[in-house]
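Visitor: Chain by chain, the residues run as shown.
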Amino acid sequence: MTKLDQFESTFRAAAKETYTRTPLKIDRVLVATDLEPVDAARLTEAARRFLVAIDRPETVWEPLAGSAFDSVQALLEQVEAHKPDLIVTYRHLHSNAWHWPYSLGEHLDVLTQATATPILVLPHPDAGRGLPHSVQDTNVVMAITDHLVGDARLVDAALGFTAAGGTCWLSHVERAADFERYIDVISKIPMIDTETAAETINAQLLKEPHDYIRSCRAAIEAAGLNVSIEEIVVMGRRIEEYTRLIEAHEVDLLVMHAKDEDQLAMHGLAYPLAVELRQIPLLML
Amino acid sequence: MHHVPTHVTAIFTVMLVAMILCLALEEKIHAKKSVIVGVFAVVALFLAAFFALVHPETVAILGHPVRLPVYIPGVDWEVIAIILGSSIFVDVTSKSGLFTWMAIKLTKLSGGDPLRLLIFYGVMTVVFSAVLNNVTAMIIVGTLSGVSLGKLGRMDKLLGFLLIEGLLTNVGGLLTLISSVPNIIVGNAAGISFVTFFITASPYVVVATAATIGLGVRLFDIRPLADDAARVEARGLVAGLDENDGIESRGFFWFGTAMTGFFIAAMASASVMPYIKELGLGYVALAFAAIMLTRYKSTADRFYQAIDWDLLAFFGGLFIVINMMEHALVLELIGDLLKPILALGEVTGPAALMVASAVASSVTDNIPLAAMLAKILGGMNLPPDSPFWWAVIFGANLGGNITPIGSASTLVAVTIIHKYKLSLSFADFVKAAIPFALIQLVLAALYVLFLL
Numbered sequence: 001m002t003k004l005d006q007f008e009s010t011f012r013a014a015a016k017e018t019y020t021r022t023p024l025k026i027d028r029v030l031v032a033t034d035l036e037p038v039d040a041a042r043l044t045e046a047a048r049r050f051l052v053a054i055d056r057p058e059t060v061w062e063p064l065a066g067s068a069f070d071s072v073q074a075l076l077e078q079v080e081a082h083k084p085d086l087i088v089t090y091r092h093l094h095s096n097a098w099h100w101p102y103s104l105g106e107h108l109d110v111l112t113q114a115t116a117t118p119i120l121v122l123p124h125p126d127a128g129r130g131l132p133h134s135v136q137d138t139n140v141v142m143a144i145t146d147h148l149v150g151d152a153r154l155v156d157a158a159l160g161f162t163a164a165g166g167t168c169w170l171s172h173v174e175r176a177a178d179f180e181r182y183i184d185v186i187s188k189i190p191m192i193d194t195e196t197a198a199e200t201i202n203a204q205l206l207k208e209p210h211d212y213i214r215s216c217r218a219a220i221e222a223a224g225l226n227v228s229i230e231e232i233v234v235m236g237r238r239i240e241e242y243t244r245l246i247e248a249h250e251v252d253l254l255v256m257h258a259k260d261e262d263q264l265a266m267h268g269l270a271y272p273l274a275v276e277l278r279q280i281p282l283l284m285l
Numbered sequence: 001m002h003h004v005p006t007h008v009t010a011i012f013t014v015m016l017v018a019m020i021l022c023l024a025l026e027e028k029i030h031a032k033k034s035v036i037v038g039v040f041a042v043v044a045l046f047l048a049a050f051f052a053l054v055h056p057e058t059v060a061i062l063g064h065p066v067r068l069p070v071y072i073p074g075v076d077w078e079v080i081a082i083i084l085g086s087s088i089f090v091d092v093t094s095k096s097g098l099f100t101w102m103a104i105k106l107t108k109l110s111g112g113d114p115l116r117l118l119i120f121y122g123v124m125t126v127v128f129s130a131v132l133n134n135v136t137a138m139i140i141v142g143t144l145s146g147v148s149l150g151k152l153g154r155m156d157k158l159l160g161f162l163l164i165e166g167l168l169t170n171v172g173g174l175l176t177l178i179s180s181v182p183n184i185i186v187g188n189a190a191g192i193s194f195v196t197f198f199i200t201a202s203p204y205v206v207v208a209t210a211a212t213i214g215l216g217v218r219l220f221d222i223r224p225l226a227d228d229a230a231r232v233e234a235r236g237l238v239a240g241l242d243e244n245d246g247i248e249s250r251g252f253f254w255f256g257t258a259m260t261g262f263f264i265a266a267m268a269s270a271s272v273m274p275y276i277k278e279l280g281l282g283y284v285a286l287a288f289a290a291i292m293l294t295r296y297k298s299t300a301d302r303f304y305q306a307i308d309w310d311l312l313a314f315f316g317g318l319f320i321v322i323n324m325m326e327h328a329l330v331l332e333l334i335g336d337l338l339k340p341i342l343a344l345g346e347v348t349g350p351a352a353l354m355v356a357s358a359v360a361s362s363v364t365d366n367i368p369l370a371a372m373l374a375k376i377l378g379g380m381n382l383p384p385d386s387p388f389w390w391a392v393i394f395g396a397n398l399g400g401n402i403t404p405i406g407s408a409s410t411l412v413a414v415t416i417i418h419k420y421k422l423s424l425s426f427a428d429f430v431k432a433a434i435p436f437a438l439i440q441l442v443l444a445a446l447y448v449l450f451l452l
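Line by line, the protein sequences give chains A and B.
Residue numbering for the first sequence follows the working numbering, starting at 1 and increasing by one per position.
Residue numbering for the second sequence follows the working numbering, starting at 1 and increasing by one per position.
Hints in this document: simulated from the structure, not taken from any laboratory.
Just so you know, these numbers come straight off a predicted model, no measurement behind them.
Just so you know, even glycine gets a beta-carbon here, dropped at the ideal spot from N, CA and C.
It is possible that some hints are incorrect.
[Claimed, not checked] Listed below are several chain A residues computed to face chain B (Cβ distance under 8 Å; list not exhaustive): (1) Leu4; (2) Thr10; (3) Thr18.
[As the list claims (entries may be wrong)] Calculated lysine-lysine pairs in the DSSO-like style (CA-CA distance at most 30 Å, straight line): (4) B:Lys419 x A:Lys16; (5) A:Lys207 x B:Lys108; (6) B:Lys375 x A:Lys3; (7) B:Lys297 x A:Lys207; (8) B:Lys108 x A:Lys16; (9) A:Lys3 x B:Lys157; (10) B:Lys277 x B:Lys297; (11) A:Lys3 x A:Lys207.
[Said to hold, decoys possible] Listing some non-contacts, in silico: residues in chain B with all C-beta distances to chain A over 12 Å: (12) His55; (13) Gly97; (14) Leu115; (15) Val141; (16) Ala239; (17) Leu338; (18) Pro383.
Between the sequences and the hints, there should be enough to build the whole structure, so can you do that?
Guide: The structure is reproduced here in structure tokens:
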């Protein structure tokens with residue numbers, strides 16, 4: 001390693017991403033259902049009680065009954081017409097496929113990619129899969145990602161949805177399989193010391209999100225928010241890890257990205273999580 | 001004075017010219033300095049033995065007769081010890097995070113304002129060049145410039161920053177006796193103490209630094225931030241730099257800080273300290289290196305691997321070649337050629353010698369030049385305060401600013417420039433650097449002639 005590279009690495013490591021908070025502002029919420037108008041209104045009220053953290057006197061809550069749309073195109077037109085800041089819905093609108101936990105349903109599939117609006121996905125009202133603490137409050141919110149550093153939007157959303165006095169978990173699960181693959185390749189290159197590479201790369205991968213979370217804490221403290229920040233920065237198998245964490249910490253709301261700039265399909269991590277984690281509400285950005 | 005046939009002196013003169021040419025074309029012939037000089041040293045020794053110019057010496061060491069090979073007495077071991085000790089000391093101390101801490105702290109203090117950043121980085125380059133060495137200073141400040149200007153979205157100013165910093169390394173290299181190799185060689189030969197060197201050189205360094213930064217601000221159009229909004233944004237961006245990130249241990253950080261202070265103090269007072277003055281600056285440098293290595297006692301070999309063996313072997317070979325040139329009366333011949341310059345008097349003579357040294361240093365390594373001139377001037381029994389010594393010191397250091405190959409630190413600056421995919425040819429460098437080099441040399445000439 002040359003001295004030039006050594007100092008450049010030191011300075012690059014010292015140049016950290018820091019979190020700058022932009023308060024979340026939600027003026028209009030559209031609750032899209034496949035229910036009768038009365039049930040849609042009831043679900044809207046339940047959602048409002050659940051999302052007390054974002055509810056202000058001027059927030060407009062608009063229920064959308066199942067009769068208001070009969071196709072994906074019609075739902076998108078409704079969204080376009082209402083221009084909400086948040087859509088609340090659930091999987092398998094106008095479908096019985098909720099019996100089989102293998103997909104999200106065509107409406108939600110398209111909605112997550114075709115609109116820029118964040119979507120809050122509730123457990124299906126008929127499925128009864130929710131955990132005992134689900135859809136009660138947002139005292140425990142968890143932001144999940146495999147790249148937390150610099151993701152202020154994700155942190156802003158997680159913080160915005162956390163009830164006063166609640167806990168916001170910022171989690172970063174690094175893909176163990178990818179890491180092992182690279183270390184396996186490194187182990188076949190004679191000029192790189194495998195043990196040192198594994199130790200230092202692992203440490204640096206986990207240090208960066210840890211440092212970012214520290215800057216989040218500082219910003220939240222400076223803003224005087226009544227929310228405590230907890231961190232989870234680990235190397236692991238992501239679906240298993242998140243399932244374990246959700247159960248261990250009794251998470252009320254999971255916040256994650258659904259869009260990927262490089263593809264039309266849903267973000268790689270988001271789709272399997274959205275399909276499998278049906279017990280608790282998810283906020284998909 | 002022994003007699004040497006003219007044709008032998010001519011052969012050795014041709015060898016010296018060939019070696020200097022090879023060093024100047026180092027990049028073209030893809031050979032390390034140590035190999036180039038090593039080959040010439042081997043041939044020079046053989047020819048010296050063949051022409052019976054040298055004979056093994058038997059010297060008494062602590063009362064015991066020791067037969068020394070001819071290539072041992074020719075090497076200036078004090079210089080080798082200073083360079084070896086200082087480089088290990090700096091290398092280990094840099095692991096404490098002290099230098100990166102200082103560099104990042106200054107960046108944050110600038111608030112991300114380009115003009116303040118240039119002034120801070122310029123002064124830091126000079127100080128680091130003086131305390132560490134030119135190359136390490138350029139590496140630290142140059143890499144930080146790339147990272148911080150990238151963070152500030154000011155990459156358009158990087159070329160100017162790196163050029164100014166590169167040119168300032170050679171100004172900072174004039175500040176102390178141990179700041180650059182020509183200083184060590186010439187200062188040692190002249191018998192200039194560390195404190196005298198600092199007191200004599202520092203006023204010039206202050207003025208030349210201010211002039212270089214001032215000219216750089218004008219030529220590269222470095223302006224302060226226009227309004228409060230820009231200042232707030234820039235401050236926020238540099239706030240993300242964490243000066244503590246490179247510090248592995250707080251204890252070692254403070255130890256490194258204290259030892260750096262003691263190191264400078266010991267170097268400054270070595271010539272008057274009892275016992276130490278007998279042992280010399282090389283001992284001080286090696287002693288501090290040994291103390292710092294105790295922090296990494298189980299992995300000290302890592303630092304031995306990091307030593308610039310090419311540079312040390314280069315010195316070893318160079319001293320042998322110069323020694324053989326002395327035996328072959330080549331230095332006497334060059335001294336005769338320099339006599340008209342020296343005869344110009346106390347005013348024009350040093351000025352002419354400085355210009356000649358600067359021009360020679362700009363196209364080839366300034367170390368052989370310094371070693372050769374130190375030997376020649378040393379043979380003339382000049383007093384330590386003679387302006388001729390200072391003419392060589394200023395000329396050899398500042399000459400490195402005329403071309404990118406004139407000094408190792410400007411070469412590092414160009415390497416960083418190319419690393420960032422910025423276009424700068426040899427001619428572009430000369431064109432950009434000439435105004436700076438001229439101002440620095442004119443200031444140096446005025447200083448040496450009228451103020452020393």
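Visitor: With reference to the structure, classify each hint as holding or not holding.
Guide: Verification of the hints:
1. Leu4: holds (5 Å)
2. Thr10: For Thr10 (chain A), the interface hint holds, since the closest Cβ of chain B sits about 5 Å away, which is under 8 Å.
3. Thr18: holds (4 Å)
4. B:Lys419 x A:Lys16: Holds. Lys419 (chain B) to Lys16 (chain A) sits at ~22 Å (cutoff 30 Å).
5. A:Lys207 x B:Lys108: Holds, because 22 Å separates the two Cα atoms, which is no more than 30 Å.
6. B:Lys375 x A:Lys3: The given pair, whose Cα atoms are some 33 Å apart, is violated under the 30 Å limit.
7. B:Lys297 x A:Lys207: Given pair Lys297 (chain B), Lys207 (chain A) holds - Cα atoms ~28 Å apart, limit 30 Å.
8. B:Lys108 x A:Lys16: Since the Cα atoms of Lys108 (chain B) and Lys16 (chain A) sit roughly 13 Å apart, the hinted pair holds (cutoff 30 Å).
9. A:Lys3 x B:Lys157: Roughly 24 Å between the alpha carbons, so the hint for Lys3 (chain A) and Lys157 (chain B) holds.
10. B:Lys277 x B:Lys297: holds (28 Å)
11. A:Lys3 x A:Lys207: holds (23 Å)
12. His55: holds (43 Å)
13. Gly97: Label violated. Min Cβ-Cβ 8 Å, cutoff 12 Å.
14. Leu115: holds (21 Å)
15. Val141: violated (9 Å)
16. Ala239: Violated: least Cβ distance 7 Å, not greater than 12 Å.
17. Leu338: holds (37 Å)
18. Pro383: holds (39 Å)
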